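2 protein chains.
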Amino acid sequence: MSELKRPALHPNDVPEVRSTGYPEPFRARVRERAKRRLGDACGLTRFGVNLVTLGPGSQSALRHWHTLEDEFVYVLSGQVVLVTDAGEQTLSPGACAGYPAGSRDAHHFVNRSDKPATYLEIGSRIEGDLAFYPDDDIMWCNDGNGEYAAHKDGRRYT
Amino acid sequence: MSELKRPALHPNDVPEVRSTGYPEPFRARVRERAKRRLGDACGLTRFGVNLVTLGPGSQSALRHWHTLEDEFVYVLSGQVVLVTDAGEQTLSPGACAGYPAGSRDAHHFVNRSDKPATYLEIGSRIEGDLAFYPDDDIMWCNDGNGEYAAHKDGRRYT
Chain A
1 MSELKRPALH PNDVPEVRST GYPEPFRARV RERAKRRLGD ACGLTRFGVN
51 LVTLGPGSQS ALRHWHTLED EFVYVLSGQV VLVTDAGEQT LSPGACAGYP
101 AGSRDAHHFV NRSDKPATYL EIGSRIEGDL AFYPDDDIMW CNDGNGEYAA
151 HKDGRRYT
Chain B
1 MSELKRPALH PNDVPEVRST GYPEPFRARV RERAKRRLGD ACGLTRFGVN
51 LVTLGPGSQS ALRHWHTLED EFVYVLSGQV VLVTDAGEQT LSPGACAGYP
101 AGSRDAHHFV NRSDKPATYL EIGSRIEGDL AFYPDDDIMW CNDGNGEYAA
151 HKDGRRYT
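From first to last, the protein sequence lines stand for chains A and B. Counting from 1, position 73 in the first sequence corresponds to residue 73 in the working numbering; the numbering is continuous, with no gaps. Counting from 1, position 108 in the second sequence corresponds to residue 108 in the working numbering; the numbering is continuous, with no gaps.
Do not rely on the hints blindly, as some may be mistaken.
The list treats identical chains as one, so a pair stands whether inside a single copy or across any two.
To be verified - Only pairs whose alpha carbons sit at most 16 Å apart, straight line, appear in this in silico EDC-like list of lysine to aspartate or glutamate:
1) Lys-115 - Asp-40
2) Lys-152 - Asp-105
3) Lys-5 - Asp-135
4) Lys-5 - Glu-69
5) Lys-5 - Asp-153
6) Lys-115 - Glu-32
7) Lys-5 - Glu-127
8) Lys-152 - Asp-137
The set of hints was computed from the structure by calculation and includes no laboratory data. Here the structure is a predicted model, which means the values were calculated and not measured.
Kindly generate the complete structure, drawing on both the sequences and the hints.
Below is the structure:
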């Protein structure tokens, strides 16, 4: 533990989580993605701030875009490849990217290097936000009993 | 200019601004504060992300708190002193702090070192937000013709 007192903290004081809501086969793509939820740890509710460590070969997420959530990423260490509709570009420490809500240019990071990369990701929290995945056969459905992942023809992932 | 293409960018591609709405004598306290508005440059509207360079002796802002704005800061280089109601603590690169909207524990950074410090600051954008300054004789007023700075007895700063 660091000696910092709230409202300050050191990321090492915050647990690392590896959870994902993706079903297989997508889950494997983010297996080496670990997040420290810094904003939550500080009691913030209007946006999230995560310190993410992305291992070699891992993706930040499936390539996606949000209807209502603004997103921003800032690379701290290592190298990540940003994939968007326009193609690929490599981001080094100090580079950043922003994805306005409603922009249909889907995006994600892939770590194609042999070392971990770290970055900050910030996302607004707005009720009713939806995420779409143009490259993959997955969508989120809700029948009134909670959200679940489905194929794009409606069959539930099991 | 970097070779990055939107939605990515390098902070060096974004102009550095030194503006402040503070009147004197407060303006002098933030004279060595320069911001690159990364979130705006990416077209984000739900929150702001600024890369701030704070020169020796400078403050990030008057010590303040917000009614509706969540704030988060992440130190990238150098050292800053975080001042809150509980006192002072020094934050080094990798340390962060979060200030939930409505928490009356006013905060700011002071650079007491002899080198510049850099940090990211993120703030939600919510209409109707107010900021208060417990240590200083300043408040914001609006008579219907725009916001202006006043002493706490109501006299306008000129």
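Status of the hints after comparison with the structure:
no.	hint	verdict
1	Lys-115 - Asp-40	neither (27 Å within a copy, 31 Å between copies)
2	Lys-152 - Asp-105	neither (19 Å within a copy, 48 Å between copies)
3	Lys-5 - Asp-135	neither (44 Å within a copy, 21 Å between copies)
4	Lys-5 - Glu-69	neither (31 Å within a copy, 21 Å between copies)
5	Lys-5 - Asp-153	neither (51 Å within a copy, 35 Å between copies)
6	Lys-115 - Glu-32	within (11 Å within a copy, 37 Å between copies)
7	Lys-5 - Glu-127	neither (31 Å within a copy, 30 Å between copies)
8	Lys-152 - Asp-137	within (6 Å within a copy, 60 Å between copies)
Hint compliance for this structure: hints 1, 2, 3, 4, 5, 7 are broken, all remaining hints hold.
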